[in-house]
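Enquirer: Following the hints, complete the assembly by docking chain X onto the known chain Y.
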Amino acid sequence: MATQHRRETAAGIIPNGSLAVALALAAMIVGAAALLPLVQSSGSTATSGQIGRLQQEREDWRARLQEQEVLVAQLSSLAHIENEARTRLKMVEPETVRYIRVPAAAPVPNQIPSRYLPQPTAPSDAGKSLWDEILDGIPVP
Amino acid sequence: MAKKLRNKRWNTVTWRVWAVVGVIAFGAVVVTLRLVQLQIIEHQKYSEQARNTHIARETISDRRGALLDRNGYPLAASQDTYDLMVERGRWLNPDIARAQSTELSRITGVPAREMIETVTDVDVYEVPVARGLVYDQAEAVRGLGYPGVRLIEGSRRVYPEGNLAATLLGFVGQDGVGLTGLESDLDSVLVGSSGLITYETDGLGELLSIGDRTETPAQAGSNVVLTIDRYIQSIAERELQKTIEAHKASGGSVIVVRPETGEILAIAVRPSVDMTKGDAANSNPDLFRNRAVTDGYEPGSVFKLFTAAAALDLGLVDPSTSWYDSGALSFGEWTIRNWDLSSNGTQSVSQILIKSLNTGAAWLADLCGPDNFYSYIANFGFGAVTNSGLGGEAPGQVRSPTTDPTGWATVDLATNSFGQGIRATPLQVAMGVAAIANDGMLMKPQFVRQIVAANATESIQSEQVRQVIKSDTARTMLDMMGAVTDTISSQYIDVPGYRVGGKTGTANVTDDNGGYIPDTYIASFAGVAPLDDPEIAVLVKIDKPKGVPWGSAVAAPVFSAIANKALPYLGVAPTEAALVQDVQ
Chain Y
1 MATQHRRETA AGIIPNGSLA VALALAAMIV GAAALLPLVQ SSGSTATSGQ IGRLQQERED
61 WRARLQEQEV LVAQLSSLAH IENEARTRLK MVEPETVRYI RVPAAAPVPN QIPSRYLPQP
121 TAPSDAGKSL WDEILDGIPV P
Chain X
142 MAKKLRNKRW NTVTWRVWAV VGVIAFGAVV VTLRLVQLQI IEHQKYSEQA RNTHIARETI
202 SDRRGALLDR NGYPLAASQD TYDLMVERGR WLNPDIARAQ STELSRITGV PAREMIETVT
262 DVDVYEVPVA RGLVYDQAEA VRGLGYPGVR LIEGSRRVYP EGNLAATLLG FVGQDGVGLT
322 GLESDLDSVL VGSSGLITYE TDGLGELLSI GDRTETPAQA GSNVVLTIDR YIQSIAEREL
382 QKTIEAHKAS GGSVIVVRPE TGEILAIAVR PSVDMTKGDA ANSNPDLFRN RAVTDGYEPG
442 SVFKLFTAAA ALDLGLVDPS TSWYDSGALS FGEWTIRNWD LSSNGTQSVS QILIKSLNTG
502 AAWLADLCGP DNFYSYIANF GFGAVTNSGL GGEAPGQVRS PTTDPTGWAT VDLATNSFGQ
562 GIRATPLQVA MGVAAIANDG MLMKPQFVRQ IVAANATESI QSEQVRQVIK SDTARTMLDM
622 MGAVTDTISS QYIDVPGYRV GGKTGTANVT DDNGGYIPDT YIASFAGVAP LDDPEIAVLV
682 KIDKPKGVPW GSAVAAPVFS AIANKALPYL GVAPTEAALV QDVQ
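Protein chains in written order, with our numbering: chain Y, 1 to 141; chain X, 142 to 725.
No lab work stands behind these hints: they were computed from the structure.
For clarity, every value in this text was computed on a predicted model and none was experimentally measured.
Even glycine gets a Cβ: it sits at the ideal position worked out from N, Cα and C.
One or more hints might be untrue.
Result set (EDC-like, lysine to aspartate or glutamate): computed pairs, CA atoms no more than 16 Å apart in a straight line [said to hold, decoys possible]: (1) LYS685(X) <-> GLU401(X); (2) LYS706(X) <-> GLU95(Y); (3) LYS706(X) <-> GLU82(Y).
Pulled a few chain Y residues facing chain X out of the computed Cβ check, cut under 10 Å [stated by the list, open to error]: (4) SER18; (5) ALA20; (6) GLU59; (7) GLU69; (8) LEU75.
Pulled out of the complex, with its shape left as it was, chain Y reads as follows (with noise of 0.2 Å):
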């Protein structure tokens, strides 16, 4: 009796041609679906790499550009230019001051270097969305 009993049930879990297919399917769902995390965190791995590597760079840029302001800033310093008037162009100062008067306009003032100014912010308004437009051709009592 108890050997009839296992054999009726080991005959209802033998699996036909179309439920091999199901579970086939249900088996890779699952498998995708445990993949999908992985991929999403593979990506993310990923992207999030990317970043930290632009931000590195940028911030490398920033240094590069601040060497290359500091170096502008001792260029132009009076020392230097001093050094090289006296050194290079092998100028003396002028023992006396001619003035000569010219027909022309005076030099306009120095300007405050731009690495120094407000830096320029691109116009917040872009146009009008499709969806401004659309709300705009509705008549508002």
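Expert: Using the frame of chain Y, we list chain X on its own:
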């Protein structure tokens, strides 16, 4: 029998099953209640704990703003730097230490032996072996990829113009906070605001690349455009230094003001700290003091300008009003005499200034009376801070019948009239002279022109303080100042192409007991140029010169040198046509 046995077994099984179910159910209830407690009742507490464990916060800061001269040339700016740190444990192996330090030495310039000693001499986890590396050095260190060797970002102040205007600019500490000068006074403007980065970490505290990350960016400090002109400042400093060395003086100050606006074009002070040295922080604190603003002195005969201006403005005298100088003038039990003990007979008011007669100044003050005299002195700005915005500004000291009814004596009126017994800062004297050059209008001294923030620029407007003397009086005073300089030898004042005016001063120096130090003087000269429409007012003060102490011989040549270079530089056309050629 068998049925009874089966029923008994079944009852036993049922009881056991129910017992198990009961235990499981009880456990489930306990767990559920605990979950309710953790996730609902004490949700806030535990979520914060979790956040604190897994969320790291990092405060970030952007660059400190630069201090620029009036034309935008940086006088002080910030540069990113890097400190090189080494884990001590890594260098306990002598072979590794030797190999790595040799390579690092090649990049940083710090001797390898010194690095190894620095690391092995202390018992801490990580030691800085080189500080203040620049970007290229940092890149080279990174390229080596040594484990246990890392870089910490920082910044340092750089001074492209060297030590120019050092006491005015001041000093920034290693923590990036301004400690003296404008760096301290404008610290809140220069420093900007810090930002915050928050990110998730794993159990070891390392950044989770797939975790949440938010960043509130730091705001860079504002750049500050000063009124200082680096060229005029450099002339002032160079001439001051040259004069101090030539006369073996203990120090001095030079201030160049634009009378119309009150803008300070130059403020040179000696002695001064050397900011270009790396160890400026260890310098004598006295060297950081801007003595032109913090230290009062007895201005001496330069002060006769203000006495004469008061008497002229009250209509009591004019430049040609005559007065008899007997060489002595009594005030109570005191007698006032001239600096050279001379008696000059009949003199005009102009000659009081030209010959710098103490008796004449005392006579003018006496004519004005104490109330009027001290009222004018106060209106010229003496006895009160100028509100320049610079830290540690001294108000000076003026005793009057009102401020010190018991201590003040009549003779004080006489001595004050020629600048003794009264204390003023060089900045106050310079602004007073600038008021005469500005049609009698006293301006507030201005050191800042613009504050340039990331998204806006604020322009600082010049401020009028008050009309001290009438415009006509101011014009008359300028003519008298021109008459004074006309009598000074061209050996001392020679500004070809321009007419200039001024007044010399040679004042006694007080000691700590209130008396005067014998044979010790302060030589000074206050001048304006050009005389017709002054573009600059200059105060030169030389402390304790050795040898000849006279203001005309010691201080006036400094004014002359500054005027000679500053006027053409400022685009002021020469007034004497003989020196001008026309080009068609």
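Enquirer: Starting from the hint list further up, note which numbers the structure goes against and sort them upward.
Expert: 1, 4 and 5
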